[in-house]
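**Q** Spelled out, the chains give:
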Amino acid sequence: MYYLTYDPIDPAKVLDAVRSPLAGAVVLFLGTAREFTAGRKTQALLYDCYPQMAEQKLAELEETAVQRWPLVACCLVHRLGQLAIGEISVAVAVSAAHRRPAFEAGQWLIDTLKEVVPIWKQEHWADGTREWVHPGINRDQK
Amino acid sequence: MIVQVKLFAAARQLLDQDTVQLELPDGATVGVLRQALKQQFPPLGFLADRSLVAVGLQYAGDEVRLCHDQEIALIPPVSGG
Numbered sequence: 578m579y580y581l582t583y584d585p586i587d588p589a590k591v592l593d594a595v596r597s598p599l600a601g602a603v604v605l606f607l608g609t610a611r612e613f614t615a616g617r618k619t620q621a622l623l624y625d626c627y628p629q630m631a632e633q634k635l636a637e638l639e640e641t642a643v644q645r646w647p648l649v650a651c652c653l654v655h656r657l658g659q660l661a662i663g664e665i666s667v668a669v670a671v672s673a674a675h676r677r678p679a680f681e682a683g684q685w686l687i688d689t690l691k692e693v694v695p696i697w698k699q700e701h702w703a704d705g706t707r708e709w710v711h712p713g714i715n716r717d718q719k
Numbered sequence: 861m862i863v864q865v866k867l868f869a870a871a872r873q874l875l876d877q878d879t880v881q882l883e884l885p886d887g888a889t890v891g892v893l894r895q896a897l898k899q900q901f902p903p904l905g906f907l908a909d910r911s912l913v914a915v916g917l918q919y920a921g922d923e924v925r926l927c928h929d930q931e932i933a934l935i936p937p938v939s940g941g
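As they're listed, the protein sequences go chains A and B. Converting from the first sequence to this note's numbering requires adding 577 to each position, the first position being numbered 1. Converting from the second sequence to this note's numbering requires adding 860 to each position, the first position being numbered 1.
Hint data in this document are derived by calculation from the structure and do not stem from the laboratory. All residues carry an ideal CB built from backbone N, CA and C; glycine is no exception. Watch out, some of these pointers could steer you wrong.
Coverage of chain A stretches by chain B, computed from C-beta distances (three or more under 8 Å per stretch; other residues unrestricted) [to be verified]: (1) 670-679; (2) 687-695; (3) 706-712.
Here are some chain A residues the structure puts well away from chain B; computed CB gaps all over 12 Å [as the list claims (entries may be wrong)]: (4) M578; (5) P588; (6) L592; (7) A615; (8) E637; (9) E639; (10) P647.
With the rest of the complex left out, here is chain A (with noise of 0.2 Å):
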């Protein structure tokens, strides 16, 4: 499963949206909104997205991930509009009959989405100045 949120997400939700007596093993991945980025401060995040095909994204990766390995099951959530520090942007949660595809499919999913979901991040940095965040355009953040 997936969705986008302008709601907190709720880390004991997404795992159990993933527990399973079939899965001898649950990974999750957190994304949390951090308060310095190379030692600039941040006040706050805002997040904006492309809700169409995000959504068309989420779930072309859910469909490989469990295509590509033997998953019991896999959430990706994505928060949108504005966080404060230490709140959590992203969530990936998958089970496994083991440890290793779950490990390796968290890692991938978690990897692929910040690369192909059409979700942009700004900056709102403590001194009064936002700048949208585009990786290889403004300083090479990710």
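Please build the complex by placing chain B on the supplied structure of chain A, with the hints as guidance.
**A** Coordinates of chain B only, in the frame set by chain A:
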């Protein structure tokens, strides 16, 4: 043909609009669209060169031909996660 192109993030901010409309030759490719965007909306130039184009919710190479009824978007480098 007239096409609408959805804009996001810095592209939207640069033009202060979320969609632009362009007239292109029938059967124009994504590459032609990219050039037209740069010519008609100069502030987009630098970003347009470094963005992907999505057609019908899928990334499309510069060789792909466009139809007027497709959903088209300029996708600057993404930064989710």
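**Q** Now tell me if each hint is right for this structure.
**A** Hints, one by one, checked against the model:
{"no.": "1", "hint": "670-679", "verdict": "violated (count 0)"}
{"no.": "2", "hint": "687-695", "verdict": "holds (count 7)"}
{"no.": "3", "hint": "706-712", "verdict": "holds (count 4)"}
{"no.": "4", "hint": "M578", "verdict": "holds, 18 Å"}
{"no.": "5", "hint": "P588", "verdict": "holds, 16 Å"}
{"no.": "6", "hint": "L592", "verdict": "holds, 19 Å"}
{"no.": "7", "hint": "A615", "verdict": "holds, 15 Å"}
{"no.": "8", "hint": "E637", "verdict": "violated, 9 Å"}
{"no.": "9", "hint": "E639", "verdict": "holds, 15 Å"}
{"no.": "10", "hint": "P647", "verdict": "holds, 25 Å"}
Consistency with the previously given hints fails for numbers 1 and 8, ordered from lowest to highest.
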